[in-house]
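Please arrange chains B, C and D on chain A, whose structure you already have, making use of the hints.
Each chain, written out:
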Amino acid sequence: MSTVADSAWLIPVPTLAAFLLIALGARRSPAASGWLTVGAVFISFVLSLNVLYETLAGVRIEHAYAWLPVPGIPANLQAALSLGFQVDPLTATMLVVVSSVSLLVQLYSVGYMHGDRGYARFFASMALFTTAMLGVVLGNNFLAIYIAWELVGLCSYLLIGHWHERPEAAAAAKKAFLVTRLGDFGFLLGILLLFVETGTLEVSVITQMAVGGQLRDPVLTVGVLLVFCGAVGKSAQFPLHVWLPDAMEGPTPVSALIHAATMVAAGVYLMARTFPILEHSPAALTVVAVIGGGTAFFAATMGLISRDIKRVLAYSTMSQLGYMMLAIGVGAMSAGMFHLFNHAFFKALLFLGAGSVIHLVGTNDMFEMGGLRHRRPVAFLTMTVAALSLAGLFPLSGFWSKDEILVAVATTQHLGDVGRTLLYLLALATVFLTAFYMFRAIYLIYGGRYRGHAPDHPEPWTMTVPLLVLLVPTIVSGFWGSPLLGNAFATFMEGHAAPTAFRLDIALVSTGIALAGIYLAWMMYGGGKTESGAYATKQLRPLYTLLDNRYYVDHLYNWIAGRLVLGIAWLAARFDSLVVDGAVNGIGAAVVGLGSELRRVQTGQVQTYAWALFAGAITLAAVAALPLILGARR
Amino acid sequence: MLPECPASFFLCDPFGAVRGAIYALLSAILPEPLPIVIVTALAIAMVTTLIAIIVMSQVWAERRIVGYMQGRLGPNRVGPGGTLQAIADAIKLLTKEPLIPREADKVVFLLAPLVVVVPSLMVWSVIPWGPGLSVTDLNIGVLYVLALGALPTIGILMAGWSSGNKYAVLGGMRAAAQLISYEIPMVLVVMIPVLLAGTMALRGIVEEQTDLWFVLALPFGPIAFVLFLVSGIAEVNRSPFDLPEAESEIVAGFHTEYSGMGFALFFLAEYANSFAVSAMATTLFLGGWLGPFLPPFIWFFLKTYLVFFVLVWVRSTLPRVRYDQLMHLAWKVALPAALITVGLTAVQLSLNVVPGTAPR
Amino acid sequence: MLIPTDFLLAGAFYTFAATSIVGAIGIIRARGIFRSALFLVLTLASVAAIYVTLGADFLGAVQVLVYVGAIMVLIIFGIMLTPQQVELPDIGGPGQAAAAAFVAVALFAIATIVITTSQWPRSTSAAIDVATTQVIGTGLFTTYVLPFEIASLLLLVAMIGAIVIAREE
Amino acid sequence: MPDALPPIYPITLQHGLVLGAALFAIGMAGALSKRNAITVLMAIEVMLNGVIVTFVAFARHAPTADLTGQVFAIFIMTVAAAEAAVGLAIVIAVYRVRRTVQVDAADTLRG
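Chains as they are written, first to last, in this note's numbering: chain A, 183 to 816; chain B, 2 to 361; chain C, 4 to 172; chain D, 8 to 118.
Chain A with its partners taken away, still in its complex shape:
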């Protein structure tokens, strides 16, 4: 049977072609570059929808191709170095998420980036980014995933540093690249370890070996934890989270695409992809759960005090990704993926809405906004719905997936009672914080009167339409996994009936907590008030300072890089200049003495050297042929 899914490898091709066309010449026309990219992503999106449809009908595909059949390379190595793709529920879902969000964000960028000097370059990078991301999702073995994974990293570097003439943007781009590289190094080590142990890079084969018991601890645990390092870097989990807030220096559509919907989700996707391996290592599961839960809470607290709307959203993203990791860590992969699926839409919507108001007022500082509900009613409406969804209120999409995660944490078999209770409480606290900071942002931006001076100006339709389109999945996408439809998402994802059922008590508790958070935000910031926030800041000065300095993690890294490394380097330099150089200089002096005698051999004439070379070679040949020469004489 020939299906669209059979040709799923075609999905990244249009965007790649768009990238090449822009690079090769379409860049001369910015408008053409933009619409070329949008058109290409649209094709990818349509194909992805087809693939999802077929996958829902039960199609499962895995193809591998030997990409460089070179005689002389062992067959097993060739097989390992094959590239291929698979189509399964996980891939199909991610394809739709990535291509749909990319499509809308790029449509939005056509308006948002209008008049930018690097317009064509921007779209070229975006097209390549989408290609890479689709590649991560399609790849069926670690080699393919890793190649696309690094390409995603490269594109994020290009896009965060899009305004590279600004030093902060350039620094942020470098930071993002280097920090994620740190995680990627672990990922590469993990791939190599698993390859050495199993002799293959194909995820499905390694999974079978883990299930069948050929792949055991400690290699199993160490391997998946190293792979998890890559996910920690990409998904900005503690302790490699430091790049994400800075990455907000990039254009807002970039933030929406990379830092909310797709690239950071790649880490979660990777853990979901390797979940069948991961679940055989309880220790690794615990690490993932603790890091996920910890990051969820930790990032949410930092979001409380930020003045920068995009940073609030960035912390929120880290926090939600922590949620997804937590879900995977407690063994509920489908709950994590479900949250990823919903989150992609409403977080993209929030970013694009934020971009809409930033585009209007020209600053990211929420304290210079206010009252914008009149000027940007569409953004106000859609962002409020998205914020409600993020806070987890019935019946929006966030409610269903967050609830599923909470149920999974509360009922997990993987952790002890104490750990389960702690993580559950942490998750609930995060719900409260999330509701609070989101509505703090909404009130500050849209409530009260405008505190800035920017004049009003109309918004191009390309920026409004994506907001409205994204509103639809923000409201309805949750029903796919809701108990109203029998947890269809989990069944689809895991291939059997969902393990976690809906629990009314937990739903009520979490809804109550979220409402409390919104109420507190209304109390403090309702109607655009800013005084109570300032008062709270003054009263809780030490805590504020701690949060404002982001728990001093950046300082710690700077100290490690600046002091510790430089200190060791200083010691090494002393050793080098005294001990090593002393020895080298001594030898050197001896050689100089000898050389001044021998230098007369060097005529500088290249032919002299060539003559010596040939004479030497001929002497050697003569020695080797001596028996023959003597034989000839005889």
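Quick caveat, the hints were computed from the structure, so don't treat them as lab data. Bear in mind that the values here come from a model prediction, so they are computed numbers and not experimental data. Possibly wrong hints are sitting among the right ones.
[Unchecked claim] Dumping the calculated SDA-like pairs for lysine to any residue here, alpha-carbon to alpha-carbon at most 25 Å:
1. Lys167/B to Pro86/C
2. Lys333/B to Ser155/C
3. Lys333/B to Ser211/A
4. Lys333/B to Ala169/C
5. Lys167/B to Phe268/B
6. Lys107/B to Ile24/C
7. Lys107/B to Met83/C
Structure of chains B, C and D alone, referenced to chain A:
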């Protein structure tokens, strides 16, 4: 289309029939190596005679056509309609005193015309005039033609260098640069018929065109044909690519100092090459000798002279290009176009979507 | 009773071997560098003919196309672009010439002794009856695909390098 | 009847090898003794041709007809083309700076 020629059917392949008869006769009276040697020698002699006739006919035709296009008569005094004008010219050239400049490097100066003319004549040994009708059919025929096409460059450089005249040196360098620049798209574009036919033997290429002339092998056949013609015109230094001998800039280019016999040889080589390019265009793209009703060799000559007419037409229509335009055309237009066309043809073949050819 | 093909082939081989060696010596002995280049053309063309006698028809054509058509034109261009160098004495001092001649003769002597006294596998006297082009092409794209790719890379690097080195500032 | 032939033909492997060695040796003599850098390049081409002749002779007389020798000949031609291009570029660059192409004039490295 005529069916496969029976060897004895005189009208269909008169030369083949005669050759068969001579061979049969000789092998009856002589031991084995000699008949084939004699028959081959006869064929060479015939083609050599043919060269003289063809070149004279070309010179006459070109001058008459150009004359007509320029609204004048052209040669019309010697012989009926001026047909013997070329013979008169040849006699004039051969009886002129050969001048050798004092500054010239005499040996090289005298050798240069030979180095130019011999490869031009050698090409003729593989031209397939009809089924089974060529001096020899090499299985690397296309490559042989291309390799021989590269040799005259050296002769031109020799002529320019040895004349001891700066215009000649400049003309020689221009010619050499032009030849190697257009050689590359030429080599690439010739690969398209080779790819389509699956052989480099010229006869094989013609036979593969029984169903479809390669010029019609859409979508790349026509592009390749045009590219071949353009590169071919440049390769034989004809207008509008006749910069090496641009009178208004560098006198007569590399053959400024040649007169008499030497000039006659360059002249002969130029027309022999023009015919060879026309013949190769016919063979590679226009189905060679294939055609209905008429004997194959007639078809071959019809098509070849048609292509030659196009060359003449181009010459009298287009102005000479500037040197930078020439190089621009070679490296920035013809070469990429040829590369892309060859690449896409290969893709087309590997996907088996070439019209008119059987899937391989 | 002669076998004519073999006889002709042997005659061609000896003729072209002689011309190639004459050409090679001519490169060293010629008056003026331009003539050296012409002698090199003679050598290269003769060697191409020798390939044909050794059953490498494809290679012979490629030799003419690549060496004579491209490399030699390049070299002659180089000669023309470096004027005032043509008439200078082109051979090194007597010591250098003697040393060079000595290693060359020594090499040739050793090689000849080794070649003539070694036991070579009995060669097939029948000419190779294969479609050389096809066999070489298949070889290039299967067994030797890696060297082929590296050679392509080498050409690219050489091209870029030559442009960078020779370009006027 | 090959066995009845005079020893002068058919051409054997040794003929090709000796020719290759001769070309290589002559080229080497030229490369070591000529002063003009372009002549040195030409002499090196002769050496490479000697090597190719050797390869082709081996290919002709190899027991298997896979033409490995001819394939390698093609690689050598590739290298020769690259060498000529880069070599001439260097010669021209040197000429532009020092107004000479004599190899013994470029002796900045003399000790």
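If any of the earlier hints don't hold here, list their numbers in rising order. none
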